[in-house]
Every structure is written in structure tokens, then in C-alpha cells.
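Asks: Residue numbers (this note's numbering), protein chains in the order written: chain H, 1 to 343; chain U, 1 to 343; chain W, 1 to 343.
Because the hints were derived from the structure by calculation, they are not lab data. These numbers come from a predicted model, not from an experiment. Mixed in with the good hints, there may be bad ones.
With a straight-line Cα cutoff of 30 Å, these simulated DSS-like cross-link-like pairs (lysine-lysine) come out [as the list claims (entries may be wrong)]:
{"#": "1", "chain 1": "H", "residue 1": "K313", "chain 2": "U", "residue 2": "K313"}
{"#": "2", "chain 1": "U", "residue 1": "K165", "chain 2": "H", "residue 2": "K313"}
{"#": "3", "chain 1": "W", "residue 1": "K99", "chain 2": "U", "residue 2": "K313"}
{"#": "4", "chain 1": "H", "residue 1": "K99", "chain 2": "W", "residue 2": "K313"}
{"#": "5", "chain 1": "H", "residue 1": "K82", "chain 2": "W", "residue 2": "K82"}
{"#": "6", "chain 1": "H", "residue 1": "K165", "chain 2": "H", "residue 2": "K313"}
{"#": "7", "chain 1": "U", "residue 1": "K165", "chain 2": "W", "residue 2": "K82"}
{"#": "8", "chain 1": "W", "residue 1": "K165", "chain 2": "H", "residue 2": "K82"}
Chain H is nowhere near these chain W residues, computed Cβ spacing over 12 Å in every case [as the list claims (entries may be wrong)]:
{"#": "9", "residue": "G20"}
{"#": "10", "residue": "I22"}
{"#": "11", "residue": "E45"}
{"#": "12", "residue": "Q114"}
{"#": "13", "residue": "D118"}
{"#": "14", "residue": "E119"}
{"#": "15", "residue": "P123"}
{"#": "16", "residue": "G126"}
{"#": "17", "residue": "G211"}
{"#": "18", "residue": "R244"}
{"#": "19", "residue": "P309"}
{"#": "20", "residue": "R311"}
{"#": "21", "residue": "P312"}
{"#": "22", "residue": "E336"}
Beta carbons: idealized from backbone N, C-alpha and C, even for Gly.
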Amino acid sequence: MFLMNNWYVAGWEADLAPGGVIARRFLNLPVVLFRTMSGEIGALEDRCCHRGMPLSSGVVEGEALRCFYHGVEFATSGACVKVPAQDRIPSSARVRSYKLVARNHVLWIWMGDQDQADESRIPAYGVHDDPKWAWTPSYFHLEGNWQLLIENLLDLSHLSYVHPKTIGGNPAIHFRAQMATTRTDRTVRVERRMPNSVPPPTYVAAKGFTGPIDRWQEIEFEPVLIRINTGGCDAGTGAYEGRREQGFSMSGFHGITPETESTTHYFWSIATDVLENGVPETVFRQTYDTFEEDRAVLEQQQIRLSEDPLRPKVDIVSDAGGNHARRILARLMEAERTQVAAE
Amino acid sequence: MFLMNNWYVAGWEADLAPGGVIARRFLNLPVVLFRTMSGEIGALEDRCCHRGMPLSSGVVEGEALRCFYHGVEFATSGACVKVPAQDRIPSSARVRSYKLVARNHVLWIWMGDQDQADESRIPAYGVHDDPKWAWTPSYFHLEGNWQLLIENLLDLSHLSYVHPKTIGGNPAIHFRAQMATTRTDRTVRVERRMPNSVPPPTYVAAKGFTGPIDRWQEIEFEPVLIRINTGGCDAGTGAYEGRREQGFSMSGFHGITPETESTTHYFWSIATDVLENGVPETVFRQTYDTFEEDRAVLEQQQIRLSEDPLRPKVDIVSDAGGNHARRILARLMEAERTQVAAE
Amino acid sequence: MFLMNNWYVAGWEADLAPGGVIARRFLNLPVVLFRTMSGEIGALEDRCCHRGMPLSSGVVEGEALRCFYHGVEFATSGACVKVPAQDRIPSSARVRSYKLVARNHVLWIWMGDQDQADESRIPAYGVHDDPKWAWTPSYFHLEGNWQLLIENLLDLSHLSYVHPKTIGGNPAIHFRAQMATTRTDRTVRVERRMPNSVPPPTYVAAKGFTGPIDRWQEIEFEPVLIRINTGGCDAGTGAYEGRREQGFSMSGFHGITPETESTTHYFWSIATDVLENGVPETVFRQTYDTFEEDRAVLEQQQIRLSEDPLRPKVDIVSDAGGNHARRILARLMEAERTQVAAE
Numbered sequence: 001m002f003l004m005n006n007w008y009v010a011g012w013e014a015d016l017a018p019g020g021v022i023a024r025r026f027l028n029l030p031v032v033l034f035r036t037m038s039g040e041i042g043a044l045e046d047r048c049c050h051r052g053m054p055l056s057s058g059v060v061e062g063e064a065l066r067c068f069y070h071g072v073e074f075a076t077s078g079a080c081v082k083v084p085a086q087d088r089i090p091s092s093a094r095v096r097s098y099k100l101v102a103r104n105h106v107l108w109i110w111m112g113d114q115d116q117a118d119e120s121r122i123p124a125y126g127v128h129d130d131p132k133w134a135w136t137p138s139y140f141h142l143e144g145n146w147q148l149l150i151e152n153l154l155d156l157s158h159l160s161y162v163h164p165k166t167i168g169g170n171p172a173i174h175f176r177a178q179m180a181t182t183r184t185d186r187t188v189r190v191e192r193r194m195p196n197s198v199p200p201p202t203y204v205a206a207k208g209f210t211g212p213i214d215r216w217q218e219i220e221f222e223p224v225l226i227r228i229n230t231g232g233c234d235a236g237t238g239a240y241e242g243r244r245e246q247g248f249s250m251s252g253f254h255g256i257t258p259e260t261e262s263t264t265h266y267f268w269s270i271a272t273d274v275l276e277n278g279v280p281e282t283v284f285r286q287t288y289d290t291f292e293e294d295r296a297v298l299e300q301q302q303i304r305l306s307e308d309p310l311r312p313k314v315d316i317v318s319d320a321g322g323n324h325a326r327r328i329l330a331r332l333m334e335a336e337r338t339q340v341a342a343e
Numbered sequence: 001m002f003l004m005n006n007w008y009v010a011g012w013e014a015d016l017a018p019g020g021v022i023a024r025r026f027l028n029l030p031v032v033l034f035r036t037m038s039g040e041i042g043a044l045e046d047r048c049c050h051r052g053m054p055l056s057s058g059v060v061e062g063e064a065l066r067c068f069y070h071g072v073e074f075a076t077s078g079a080c081v082k083v084p085a086q087d088r089i090p091s092s093a094r095v096r097s098y099k100l101v102a103r104n105h106v107l108w109i110w111m112g113d114q115d116q117a118d119e120s121r122i123p124a125y126g127v128h129d130d131p132k133w134a135w136t137p138s139y140f141h142l143e144g145n146w147q148l149l150i151e152n153l154l155d156l157s158h159l160s161y162v163h164p165k166t167i168g169g170n171p172a173i174h175f176r177a178q179m180a181t182t183r184t185d186r187t188v189r190v191e192r193r194m195p196n197s198v199p200p201p202t203y204v205a206a207k208g209f210t211g212p213i214d215r216w217q218e219i220e221f222e223p224v225l226i227r228i229n230t231g232g233c234d235a236g237t238g239a240y241e242g243r244r245e246q247g248f249s250m251s252g253f254h255g256i257t258p259e260t261e262s263t264t265h266y267f268w269s270i271a272t273d274v275l276e277n278g279v280p281e282t283v284f285r286q287t288y289d290t291f292e293e294d295r296a297v298l299e300q301q302q303i304r305l306s307e308d309p310l311r312p313k314v315d316i317v318s319d320a321g322g323n324h325a326r327r328i329l330a331r332l333m334e335a336e337r338t339q340v341a342a343e
Numbered sequence: 001m002f003l004m005n006n007w008y009v010a011g012w013e014a015d016l017a018p019g020g021v022i023a024r025r026f027l028n029l030p031v032v033l034f035r036t037m038s039g040e041i042g043a044l045e046d047r048c049c050h051r052g053m054p055l056s057s058g059v060v061e062g063e064a065l066r067c068f069y070h071g072v073e074f075a076t077s078g079a080c081v082k083v084p085a086q087d088r089i090p091s092s093a094r095v096r097s098y099k100l101v102a103r104n105h106v107l108w109i110w111m112g113d114q115d116q117a118d119e120s121r122i123p124a125y126g127v128h129d130d131p132k133w134a135w136t137p138s139y140f141h142l143e144g145n146w147q148l149l150i151e152n153l154l155d156l157s158h159l160s161y162v163h164p165k166t167i168g169g170n171p172a173i174h175f176r177a178q179m180a181t182t183r184t185d186r187t188v189r190v191e192r193r194m195p196n197s198v199p200p201p202t203y204v205a206a207k208g209f210t211g212p213i214d215r216w217q218e219i220e221f222e223p224v225l226i227r228i229n230t231g232g233c234d235a236g237t238g239a240y241e242g243r244r245e246q247g248f249s250m251s252g253f254h255g256i257t258p259e260t261e262s263t264t265h266y267f268w269s270i271a272t273d274v275l276e277n278g279v280p281e282t283v284f285r286q287t288y289d290t291f292e293e294d295r296a297v298l299e300q301q302q303i304r305l306s307e308d309p310l311r312p313k314v315d316i317v318s319d320a321g322g323n324h325a326r327r328i329l330a331r332l333m334e335a336e337r338t339q340v341a342a343e
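Looking at chain H on its own, in the form it has when it is part of the complex:
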């Protein structure tokens, strides 16, 4: 069960040079991403309409993608533009195409009704284009349902159990955190504050804090991107009123795209506003290790949940944010089903 009419992260723009071809499954549909020699990007169903060969085995030929098996060629629009050894192109010769947009160094794809693909609704992420930030892109393949990952990111109460060796730190700090959850009909925002607390080693290394700091974790969800801003400033200098310039901030981009019902593409980046002394590299390495720990947990969770997916779960207080996100997605998917049924 997927939300079809929605922008999803399809990849990193830098991974698709002219002539580049990438095979990737989204919402359980096979897709080929490619870039023509002139630089245009396209996303087609990864199946030649002739004999079903995956087009991703083919090669870019000028402005077209050529099937590896019999040489039939397709433009980014999905139109067949060449059939070798015959002049007439059959009128039915075309493959499905999906809108693909590059923005903020991210490739965004719309898998649903192409007429509803409104580019103005692509989630913005200016951090990737802002020279004040240094960022690194990454990718994980997760053997778990996409909503498990959303839930994981919206409930950081797992940090001290899953990440004791990386970012977990002192459990007591996390449980004393002041938490606020706010929501709209499409968004959830979870804010956690840890005022006047001991700075973690990474923070000290990055910024040289000598005393206590005011820490924050701000998590924003919309379908389907999660932005996580975390950081700290010297205690009492106005971090919670927005005066954070003299502090240390990290910004996480979490693009969560269902591959199948039980596997997920996880395109993420981590940025810091301290650009020197190896801080971006250190933060990236630590983040990578942390997400690997999450991946292991989610994959085990998936195995167990998939045995009996509809069985009720028991909620605890820290599930508030994740439950909001689940309800938003359930409502949007239900609306799609209703709309399809009415048509």
C-alpha cells in the first residue's frame, strides 16, 4: 500500500551524468532513470513495450534510450523514436513515463497520475544549495517497510538503547528532554529541548564548548521527507528564541521512498554549519554508523511484523509523532482509494 500521488526522492542528481542509466524500483514499479547526451533527465517504465526487456540494460543514444535486445529507442517522453530495420513506428509503441525533476541536488519523481504532478509541491531543502552548510549525500537500502523508518525518525526515545555507542549518550538526558509535538493535516513537528546540559563530545570537538549548552532536536515530517535539525548553543544565549548563529547545528535530510511493500530506499544527507577541522567528515561518519544501527533494528522489526501485519500494537507516550505521521499517510492513501473508486 503506497501513496501514489506524491513526490518521492528518486536519487541524487550527481549520480546521473549525461549517458547515465539507473535501474530502480519505486512503489513496486520498475523504473529506469537516464540522462540524455544533451543533459535532459527522464524516468520511464523499465520494460520495453516490444518484448519486455528491461530498458535499463540499454544505452543512451543521443537523446534516446536504446533497448539492449533489439535496438528499439525511446525518448524521455516515453515515445518510441526508432525501430531498427523498419521505417514505420507502430502507433502503440511507447512506454510509460514519469515526471522527474532535479531540485536542491535531489531527483524527485512522481509515480501516480501524471496530470497531478505539481512541481510547486516538491519539498524544498535549501540547505543543499547554501554555502553556509557542508553536506554529504548517502544511500541505504532497507529491508523494511517505509513507515517503520518514518516512525523511527519521529521517535528519538530509541537513541539510548539502539545508539549507546554513537549518538545515544546519557539516557537520563534524553528522558528529561522537554518534548512538544505539533501537526497540520500534512505535517508533524516534534521538538525536543535539553536545556543546560553537558555537550556531547562531537559538539565540543566541533565548537569548543567549555560550559553547559542548550540543545535542541527539531524533526519535521511531510510526505515523504523528514528534516532533522539538531544542535546546541552556550546555555542561556537564546537558542530557543532562534539565536543560534554562534552555536553548532546539523541538518539531516531523510528521503524515504518505498521500493516494495517491505523494502525502502533511504536517501539521506547530513550537513553541518561548521565547515572546518574535519567536522563535516566526523559528523558524516558518525551519522553513517548510527543509521547502520537503525537499519539492523528495522530489518529485524520487519521480519517479525510481516508475520502478522494487522496485529494491534501497544502505544507508549513517545509514539505521538510517529502515530500522527501514520494517520496523515493513512488518510491520504484512503483519499486516493476513494478517488480511484469514484472514477
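Put chains U and W on the given structure of chain H with help from the hints.
Replies: Structure of chains U and W alone, referenced to chain H:
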């Protein structure tokens, strides 16, 4: 199809030290076995009631098992005893628990209706507690249905074909064996006698026989344990009247526990009443190799049978014991279904 | 969906020496091929009627195949000829047998109604017995439906895309080829001529051509064998009127036998009429590499087609031969279904 209301071997007691956690599937249900720091043993459904994480990924914390994901803790009773960062424990927060009993160095579990779990019905196996015997525990995982293994052990006519290099010996001896099969409504006993026969090399090495011996093989089945007593005495000294003290005996424990419909836990031990000269080690090694041969056969048999499980089979004379056991199990399982349907 | 009443290639005769046993699945049925000590060949269902053990685990004992598990023996007729330790053989003790015939160094099997197995309908392939030809047998296992392979061999327009490094050569030559497709109710013949064209390097090496040649590709399909004769003669010397003795010819045998719905046994040989200078070895090596390229394509095609097997495909001109073959097979299979339904 399983027999639910029955004691099954869940493992060896020695494998579960204080703080120990074992994940194991029985009757196609995921179970976590653990032992608290005070030594109490418990068996719970291996699925946290909060978000479905396998509890077997967690750690023992004092008298509880703590979930690895969000730190929720459970007692051996299945009751939730702690939810981090909140005082109230939700009333629905509990996981299913299964009765687990340690006896004769074996862990026995009852997976069915917990109210029917009567410890007095646990199969006894005093050999493990008797200093006259030296025994070694072992475990095989079998890619085959549990009843194939029962059948295999109740029909030793396969020895000369499957085990010619280990215990098979001379086919003629096996086919001359005098066989008697007796049964009750819950047990089968197959007895084979090979009077006045040449002792196998292992027997000679163990006991120094210089002439012919009276050999026996006594196989006892009850749901679901098979005991196999084999051995020999100098011919004509009363082995068949029970005077076996001066001979050589081996006692096999065969705990057969369905993991899934097509895979089986096989907990076995082999004991000898000759404790010196490396006899127990030799016998264990030979038994291990023999059971490996059986495993290979049963896994091939499973592949073929699973293609068409209901197809009739042709019986031969030596199937008597195995067929009795199948009928006992079929009757008990049918009785369970009838009982469930009536409730 | 298979054509049952048909001769299929089951293997190479040379692979089955006296005492030899081969396990192989045809039309999704498990089969054991064996040769008795006197040289008789047999094909039985690979499942002992006693307890379902694959008979292919067993050994040939004189004129019978002995089951590895309990020693029950079967003749090539499928009749049980021995049950150890009992005199009476149960009347129901027999396994299904399939007609197996060795001809032209090929083993042919009939999986359907045994009464309809008419040896006179076995496709002839005299090349294997003709000293004018040097040939090498080979085998590929294909993770793809059998009809994809038929289609592949009947449409050589893929050569320049899939085999540019081996036999593909100059695309322009292939697209200028003169093509004729002829058919009967059981056969398809595709003929392509490339008159007055530059000889490929292999041809020059084999025959020393110094000028242009008249090339041909002649593909003949019948259920289920494809014969491909290709070659060339000096231009204008009568190749298209059948005068080819002074030229260079290759003859391909393509035995295509469904293993399952989605996997195929591909028994092939390649022969040349130039027997010296390493020509047969060179041609075999090149053919082997070429078929490996096809295998990779067909396996990718299978993956995509199996996601939605009934989805319509768009035809192009070069599909004519393959489409004829598909229609022949569809008609024959439909006739079988109708016949079975009428019985």
C-alpha cells in the same frame, strides 16, 4: 499441522546461563528463551507488544528482558514491568508466555493451552542424571518435517543402505533380526533382536568381546521423544531376560520438535555405560556422523514429498512402527481440532 | 503451460554410461535418467513410491535402480523388482516410467501419454552421425521460459545489439538482409540472405575467402528443436541454388526443453564442415560466448515479463518467425487441453 498441547524439547539447560537469551521457533511460533540474573527461566513470544521488535535482540536486565529498540521490559510471566520515560504501564502491555521447565538437563516447553500444561506428563529421562552413564548433548537443524524423523528412527531397516560406512554393518544381520512391535494409545515400542551375532567393531573396542553376542535394539516412542537403547552381551548370558550388566549399552535421547511445517529441531544425546578408554567420545563421534547421513536423506525426502504432500505412499513390512506413531499423532491432532471447534 | 505429448531432448547420450544416474526436471516433473549395467536406458519419476525418496540418490544395481533410503529396487519399466527383507512385492509398488530413446547421440524423452509416444516422430539430426561434420555438444541452464529462447533463435535481428563483440558484426549488413519466412502447421522456416557481403573474420580464417561472399542463415523450427544452418560461399557461385560444397557451413542443434514454467534446459551443439586448423574449436568457443550473451538477455527479460505475464506486447516486423512458432505451440497446447477435457 502440529500437536499443540504437548511437551516439547526446547533446548539443553546448560545452553541458558543467567543473562542468556536464545531465539528459537517452535510449532511455527517465534519464542525467546531467557534466564534472569537470579536463575529463573522464561519463554516468551519473541515479539515486543509495543512495536513488534524481536525481544531476543534485547538483554536481560536483572529479572526482566529489555527490548533492544525502546527499552520496554518484561518479566518471565510476560508482564511488562517498565516503560522508559513514563510512569504508567499500559494495561495491555504484556506478551504471551509459555511454560518452560528444566528437567533431566533438558528444557521442556508447552506451546498450547497453558492451563493444560501438566508437568507430571513431561517424559522422564533419568539417564542424564545417572552417574552410571556418560552422555553428550547435541543438536541438528533439519530441513524436513518432524514426522519424517520419527519414521526414520522407528524403522532401522534403512541402516544398511544409509549407514554402510558407520553403523550399518552387514545387511544380512539386519534382515535376520527378530522384530516385535507393541503399542499403546500413546506409545510405540519396536524391539529388534540379533542373537548370537558377530559384534561390531565399536562393541569389541568398548567391551573386549571375543565371541558372538546377543544384540538388541529397543526403540520407544511417545509424543514427542524417542528413546533408543541398543547394546549386546556375550551370547546366551541372559540379555533378553534383562541381565545386561556385564554387557555394553548405549542410550539415545531424540527430542524432536517442529520448528515449522518443513523444518525440525533435533535435540539428541548419546550415552554409554562404558565410561573409560574414550568409549563415550568414540560413540558420540560415530553417532554424529550417522545422524548427518540421516539428515541428508530426510532433507532430500522432504523436497520431493513437499511437491505433493497428500499423494499416497506404498507401505512395506518395516513401516509398522512408523505407521503406528503417525496414527497416534494424527488421532491426537484430530482430537485437538475437534476440541477447538467445539469451544 | 507445456506441450505434453511431444519428444523433448533429455540429454546427451554420452553423459549416461552404464551405472550412470542423472536427476533432471522436465515439464516441471522430477525425472531420474539411468543406464543399467547391460546398457539399457530408462527414465522414471524421481520419487520412490515407498517413502518419496528421490530415486536419483540411489545406485544402479545390475538391471535395476536401488533407492538409497530403504533399498527398494525398480526396473526401467517402473516395476518394483525387490523389497529388502520381505518376499512379497506389494502390487501397487511401481513408479511412473517415461519413454526414453537414444538417437543421433541425443536422448529423447516423451513426458505425456505414453501410448502416444511414436518414435518415428523424433526429430532427425543426421549431422551428429555424419563424418563430414565435426561437432561439440554443450548445455546451458536458462532462468527463463522456454518460448523466450525459441523467439530469440527465430529472430536474429538482435545480433548487432546483443552480440556486437562476437557474431554481431556490421549492423548495416543485417538490416539489408533479405528475409523470407515460410511455415506449415508444425514448422517455421526463416531464411536470411546477405549476398555479396564482406566475410566475417571467422569465415576468412576457416576458408580463406579473399573476396565477397554470399551468406545465408537458415533457421528451422519444429516442436521443440531448432536447427540453424549458416555459412557462405564465394559470391555468385550458386550458394542460393544449393551449391555450397566449396563454401563454409555451420550447423546448430538447439534442443529446448522446459524444466519449469520459468527455467529451461538448453541442449545445443555446433558443427562445422571444415574439420581442420582448429576451426571446430574456434567456432565452438565463439558460439559458447554468444549464447552466454543471449542467456543474460533472456534472464533479464524473464524477470520483467514474469511480473505481468499477460500484458500485451508491441510487435515489429522481425517478430514474424517467432510469432509463427508461438501460434503453433499455442494451437498444439490448446488441442491437448481440449482432448483432456473431452476424456
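Asks: Could you check the structure against the hints above and give me the numbers of any it violates, in ascending order?
Replies: Of the numbered hints given earlier, those the structure breaks are 1, 2, 5, 19, 20, 21, listed in rising order.
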